[in-house]
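Trainee: Sequence:
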Amino acid sequence: MKLTKEQQQEIADQQAQKHETKRVTSPELEKILYEALPVLDHGFVRVVDYMGDDTSIVQSARVSYGKGTKKVSTDEGLIKYLMRHWHSTPFEMCEIKYHVKLPIFIARQWIRHRTANVNEYSARYSILDKEFYIPSKEQLSAQSSINRQGRGDVLEGEQAKEVLELLKNDAERTYENYETMLNERYDGSTINQQKKGLARELARMNLTLNTYTQWYWKTDLLNLMNFLRLRADRHAQYEIRVYADIMLESLKKFIIFFQLKNFQVTKTLT
Numbered sequence: 006m007k008l009t010k011e012q013q014q015e016i017a018d019q020q021a022q023k024h025e026t027k028r029v030t031s032p033e034l035e036k037i038l039y040e041a042l043p044v045l046d047h048g049f050v051r052v053v054d055y056m057g058d059d060t061s062i063v064q065s066a067r068v069s070y071g072k073g074t075k076k077v078s079t080d081e082g083l084i085k086y087l088m089r090h091w092h093s094t095p096f097e098m099c100e101i102k103y104h105v106k107l108p109i110f111i112a113r114q115w116i117r118h119r120t121a122n123v124n125e126y127s128a129r130y131s132i133l134d135k136e137f138y139i140p141s142k143e144q145l146s147a148q149s150s151i152n153r154q155g156r157g158d159v160l161e162g163e164q165a166k167e168v169l170e171l172l173k174n175d176a177e178r179t180y181e182n183y184e185t186m187l188n189e190r191y192d193g194s195t196i197n198q199q200k201k202g203l204a205r206e207l208a209r210m211n212l213t214l215n216t217y218t219q220w221y222w223k224t225d226l227l228n229l230m231n232f233l234r235l236r237a238d239r240h241a242q243y244e245i246r247v248y249a250d251i252m253l254e255s256l257k258k259f260i261i262f263f264q265l266k267n268f269q270v271t272k273t274l275t
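The numbering of the sequence shown is the working numbering, which starts it at 6 and goes up by one.
What the hints contain is simulated information worked out from the structure, not anything from laboratory work. Every residue, glycine too, gets a C-beta built ideally from N, C-alpha and C. There are no misleading hints in this set.
The calculated lysine-lysine pairs, modelled on DSSO-like cross-linking and capped at a C-alpha distance of 27 Å, are:
1) K102 to K85
2) K102 to K7
3) K102 to K135
4) K23 to K223
5) K10 to K135
6) K7 to K173
7) K258 to K27
8) K10 to K23
9) K135 to K7
10) K223 to K7
DEER-style ranges, computed between Cβ atoms:
11) Q148 to R67: 44 to 54 Å
12) T79 to Q164: 57 to 67 Å
13) S146 to R178: 22 to 32 Å
Construct the entire structure; sequences and hints are all you get.
Mentor: Encoded structure:
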């Protein structure tokens, strides 16, 4: 992942902000707020906003005023009870918002979780970046012979080299055609002053699914846990699982309960 100087400065400016609040905050999450955590070759995950903490969960469960109990161990016991008996409503009282940069084919898999607020980069309005996901050789697997939506053995030698070249060449060729149809390069410069560019909403149809897109994704704690239960699981597709793994780490900073020794969200939420 490579950020432009402008993006780096924007993140630095965001992190330099200081605001007074009477609301609860999560000190560990504050440390990584706005930071671009790299994923895959050009992707990232950023926590850009959140609401609540552990006390928000127990306060909702007790429908009481102020923070939870004075004893952290008592609050911990209540959260364990809520999860064990799947009393899920109190977990909806916490929310978190992410800025995610990801390949289009992963975004289309991700959007199947219809329990979040999403605003995606508009390729009708702007030109998509010239960035494509090219998997490492270790992730070039054959189709599984026993699982129609899974991977089998890793491809090797000339076949692996051929696949990588096809992925790269196809992405670059279609992006070049994308620019030609737009009559505009990704940096905003015009290719031919004598021509009109095709509408962006039409030109985008030519791009490959490994092209990167971006979105803001906001959800409550309950639905985040449901997302992670499925996508942080070892059976999930690798490319979405690496995003889920980073989000799981941010969850542990958000809600301290998830830092408990030997705690596993995928196991607890099953």
